[in-house]
Each structure stands twice: as structure tokens, then as C-alpha cells.
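Protein chains: 2
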Amino acid sequence: MRVLALLDGTIADPDTPLVRADDLGLSRGDGVFESVLVVDGQPRELAAHLERLARSAAMLELPRPDLAAWERVTRAVIDAWPEPGELVIKLVYTRGPEFGDGGTTAYALGLSIPGAAARKRAAGVTAAVLERGYDPAVVDRAPWLLLGAKTLSYAVNMAAMRHAKTIGVDEVIFTGTDGTVLEGPTANVVLATGRSLRTPPPSSGVLAGTTQGALFRAAESAGWNTKVEPVDRSELARADGLFVVSSVRRITRVRVLDGVDLPDSTDLAAELTGLYESEY
Amino acid sequence: MRVLALLDGTIADPDTPLVRADDLGLSRGDGVFESVLVVDGQPRELAAHLERLARSAAMLELPRPDLAAWERVTRAVIDAWPEPGELVIKLVYTRGPEFGDGGTTAYALGLSIPGAAARKRAAGVTAAVLERGYDPAVVDRAPWLLLGAKTLSYAVNMAAMRHAKTIGVDEVIFTGTDGTVLEGPTANVVLATGRSLRTPPPSSGVLAGTTQGALFRAAESAGWNTKVEPVDRSELARADGLFVVSSVRRITRVRVLDGVDLPDSTDLAAELTGLYESEY
Chain A
1 MRVLALLDGT IADPDTPLVR ADDLGLSRGD GVFESVLVVD GQPRELAAHL ERLARSAAML
61 ELPRPDLAAW ERVTRAVIDA WPEPGELVIK LVYTRGPEFG DGGTTAYALG LSIPGAAARK
121 RAAGVTAAVL ERGYDPAVVD RAPWLLLGAK TLSYAVNMAA MRHAKTIGVD EVIFTGTDGT
181 VLEGPTANVV LATGRSLRTP PPSSGVLAGT TQGALFRAAE SAGWNTKVEP VDRSELARAD
241 GLFVVSSVRR ITRVRVLDGV DLPDSTDLAA ELTGLYESEY
Chain B
1 MRVLALLDGT IADPDTPLVR ADDLGLSRGD GVFESVLVVD GQPRELAAHL ERLARSAAML
61 ELPRPDLAAW ERVTRAVIDA WPEPGELVIK LVYTRGPEFG DGGTTAYALG LSIPGAAARK
121 RAAGVTAAVL ERGYDPAVVD RAPWLLLGAK TLSYAVNMAA MRHAKTIGVD EVIFTGTDGT
181 VLEGPTANVV LATGRSLRTP PPSSGVLAGT TQGALFRAAE SAGWNTKVEP VDRSELARAD
241 GLFVVSSVRR ITRVRVLDGV DLPDSTDLAA ELTGLYESEY
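The listed protein sequences derive, respectively, from chains A and B. Residue 131 in the working numbering is what sits at position 131 of the first sequence, and the numbering runs on without skipping anything. Residue 275 in the working numbering is what sits at position 275 of the second sequence, and the numbering runs on without skipping anything.
With the rest of the complex left out, here is chain A (with noise of 0.2 Å):
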């Protein structure tokens, strides 16, 4: 199932093409997105994805997105959704055509979410460390690098992905140069050891995940102990607990890293994911 929304609030045929070839969105992958979770009609930590797709928008340079109307198109996918149950949407923002008088481009789609995103929350997953390339020291001083944005330049999150399933695992958790991790392709990385979580910072150059907030937030409530700073390569093995987190995948427990089994989560796991259903 699908719903289309352009930002004005009118639904469009999705299966109707919407953008031109001269697109910069799909001619240089010059845009931002978003992918907000909807569940029993609520959108979960919309004002958090509103945000950063400000943010990511204003590392671009694009026009200030109009938040309240974002906030109006998200609404609308979901009022035209026409099942019970869950969906995503993914908010879509790029420059528009190159040629003409142009103006930016801009839609939310409504998406069913795949079977297989609750089966691996159930079952976890396995992943493999894999190098991203950079020395989170560079985040700073070089702000074209565009790192922290979530841009609609993806074609390495895919190929992490792919290389993923040619490996034989199903995520993948990115280092940087200096040993340290950073985040997966799609996702957020949470560690948990005793009564505390910890995820590296957004200094690093990973985005400021929205279900990791909603996550440590209900975590702080709840008395544990979080952290946003750096993690090394060699803690995640010796954790009580290693997560992926993000919208579609919500807290979903690692068992084997890189071909080794990791200490069994699942009560963890299921206390975390309570923790975070309690927010909404």
C-alpha cells in the first residue's frame, strides 16, 4: 500500500510519475527525507523528524522547510491511509528542477512496513562492522562532507545493505578511521551495559536518531543512566546488549556480530522496547 501527498495536502496517484529527468533530487541526490513511524494513526516523534529535516535542510542550504505544513502532509497520508496498523512515511525534500523557474520539490509517501521488519525485531538480527571511510575529526572542519544530514544521496547506505546481504547478515554497524563507531546504513547504534545506554554522538557524523531519543528519553525516566559520546569498536562485543534502533526497526537486538555470538538480549530487549512503547 502506498499514499502519496504532495506538501500542499493533495493526494496524487503514486504509481504517476511526479518529479521531471532535470530533478536535482534525482539528478544529484540533492535533497533531504525523513521516515516518521505511524502507529494506531499516531505519528511518532514527528516534531523530532520535523526538526532535523530542518536541520538537514539548512546543512544543504535548501529554503527553510515550512514545518507546520510538513507537520499538515504527514497528517494528511495518514488520515487518507486506508487500513488499521502501522505505516512509515517518508517526507521527501529536494532542490526541484534545475531549469525553470523551478522551486523546491516536495511529497510524503505513505508506506506499508515490510513483514520482515517485525520478524527481525523478533528473532534479532546478525550484522558485520564494516568501515565508513572517515575520521569523525573531520565532521567539523569539513561541513561539505555533509555528514549529520540525512540526504537523499544514499547510494552507499544501499551498497553497506547490499554487501550486508552478500555476506550473509542482515545489518551492518559502520566505523570510523579512528576505531569507533558510528551508526548503521538506516539506523542508530545503542549499546546497554547494567542500567546504562550509550550511542555515539552526532559529532561523529551519525544522525541524531529519533527513536534513540524517544528511547533514552524514556530510559532517563525510567532511572537509567544514558550517554551520547564516543564508543569503540572493541566495546561492542563486551556490552549486555547491542541494538539497532530507527523508525521501521525500533529496538532491535543484535545476536551475532561479525560470525560471533553476543550475550543473549532478549529480555533486554523486551524491557527497552517497553520502555520506548511507553512513551506514546
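These are calculated hints, taken from the structure and not from any lab test. For glycine and all other residues, C-beta sits at the position ideal for the given N, C-alpha and C. Take these hints with a grain of salt, some might be off.
What the hints assert, rightly or not - Derived DEER-like restraints, expressed as beta-carbon distance ranges: (1) B:Phe99 - A:Arg217: 20 to 26 Å; (2) A:Asp101 - B:Leu6: 21 to 27 Å; (3) A:Gly102 - B:Thr266: 35 to 41 Å; (4) A:Pro63 - B:Phe99: 26 to 32 Å; (5) B:Ala116 - A:Asp258: 48 to 54 Å; (6) B:Pro114 - A:Pro63: 21 to 27 Å; (7) B:Asp140 - A:Tyr280: 41 to 47 Å; (8) A:Ala12 - B:Gly102: 15 to 21 Å; (9) B:Gly259 - A:Arg55: 27 to 33 Å; (10) A:Thr166 - B:Pro263: 46 to 52 Å; (11) A:Asp15 - B:Glu279: 52 to 58 Å.
Following the hints, put chain B in place on chain A, whose structure we already have.
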């Protein structure tokens, strides 16, 4: 002026939307492209462009492109182009819509060449050296980084060109973390010293340049020495001539690098341009 043709040769209206909201070229920058210069009805280096399109597609695990069809669609755009003079044809090949029975998206878009390109070629350009943030040694061991593939995920290239504008220069020359020269965001870098031309190697993750290749071929025929080998950043200002070369720029000399005047390479640029043009 724009002329759009689908891969089957059909001429289409470039103002009419062509791709769906869920096209992976749009939502993930998941595709490849080429820009082919056409002068007096003749596409330049078409075989080299098509070979590179196929190499890029292979790196992204896209279905092998039908190069005969791509050649035909290139000629269809040329035949439909209503004006004399030059154009550039963008060949765009994406993974296609994410949902449905899909198939890939493939089209050729003919575009007028901005007058600024010829003016900059005549006057020379200013350039700044910017970090690209990776070590060339990572290229071989991390193929998922797609270094050397000409993908649609060009947000970083576009951001670097915007940064250039912000700091008041025309062009960017990227360097790796090892201090070697890489390429420009949309051009190759060539140095001339005596009767010798050098350019950094594709093994460092730069694109194998079609215009650079033609120039080197012509220069070799004329008795020049050519080397495709690592170039240290410190060598840029010491060369007799520093050039950015691409299908649209052809051979454009860099006059000023990081605010420092370079040796006058006006005559050298004219000589190299003569060699390059002699290929056609």
C-alpha cells in the same frame, strides 16, 4: 533548451514529470549517470562514457546496461536537438521504482551548455583545495563506499561547489587524508610540468576521466609523457600548469589556487586544448 528521450528512443516532454515518488534514484540516489559533450552533432568519447556507465552500474549491482540502446538514445537526442552548436547529454540510469514490478529507469537529457563554461575556459578559474575526508587506501578494501563510481548521490559534490562559491572561488580540488590530490567535484585534475602530464589514478577513488583520457591520448601522440599516478598536494602550485578537465569544461586552467597566483599557463592551456581538439 532541453531534449528528453527515453531509453527506447521515444522523445518526451522534459517539463512533464518522468519518475515516480518511489524511484530509488530519487529516494536513495541509487543510480548512475554520465555527461556526454556533443560538438557539431558528434558525441565525444561516447564509447568511454558508455564503458564507464557500465562500470559504475556494476559497482552498484544494477542490471547490466544495454550499451547499444544507450548509444541509440544518445543519437536520438542529437537528432532531435533543434539548434546548431554544442550540448551536453546526461545519461541517467536508476534502480527504478521501489514498489511494483518496476524495472530500471533510464533516460537521456540533452541540455544547453551554460555560457559560463566557455567564459571560464577562456579566462581561467580560481580554485580551493578541500578535504574529501577519506584515505585512498580504503578504496580497494571497502567497495561499498562506491569510490570511483559515478553515482547519482552527488550531494557532497554539490555542497563542495556551493562552499567554493561561498569562499569566492570557481572550482574545488579534493585531497585525501594522505595529502594526495584526488579530483574536483565534477572534474578531473591534470598537472603539466615540462612535456609531461599527470593525473591521480582511479585506484585512489577518483573517476577515470573521459576528457582527461582523450587529452592524454592526444598528448602521447604528440610526444608528451603522461603519467597516471599519485600527486601530492604540495605539487599543485609547483607545476607549469594546473587544469580542471571535464566534458563541459574541456581543458580549463587554474589561475589562482587557495588565493595564490599560479604560473601563467595561458599558452600551455591553448596548446593542450589544441591537442585535445585534434582528436575530433
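Comparing the hints with the structure gives:
no.	hint	result
1	B:Phe99 - A:Arg217: 20 to 26 Å	34 Å, violated
2	A:Asp101 - B:Leu6: 21 to 27 Å	25 Å, holds
3	A:Gly102 - B:Thr266: 35 to 41 Å	37 Å, holds
4	A:Pro63 - B:Phe99: 26 to 32 Å	29 Å, holds
5	B:Ala116 - A:Asp258: 48 to 54 Å	50 Å, holds
6	B:Pro114 - A:Pro63: 21 to 27 Å	22 Å, holds
7	B:Asp140 - A:Tyr280: 41 to 47 Å	46 Å, holds
8	A:Ala12 - B:Gly102: 15 to 21 Å	19 Å, holds
9	B:Gly259 - A:Arg55: 27 to 33 Å	31 Å, holds
10	A:Thr166 - B:Pro263: 46 to 52 Å	49 Å, holds
11	A:Asp15 - B:Glu279: 52 to 58 Å	46 Å, violated
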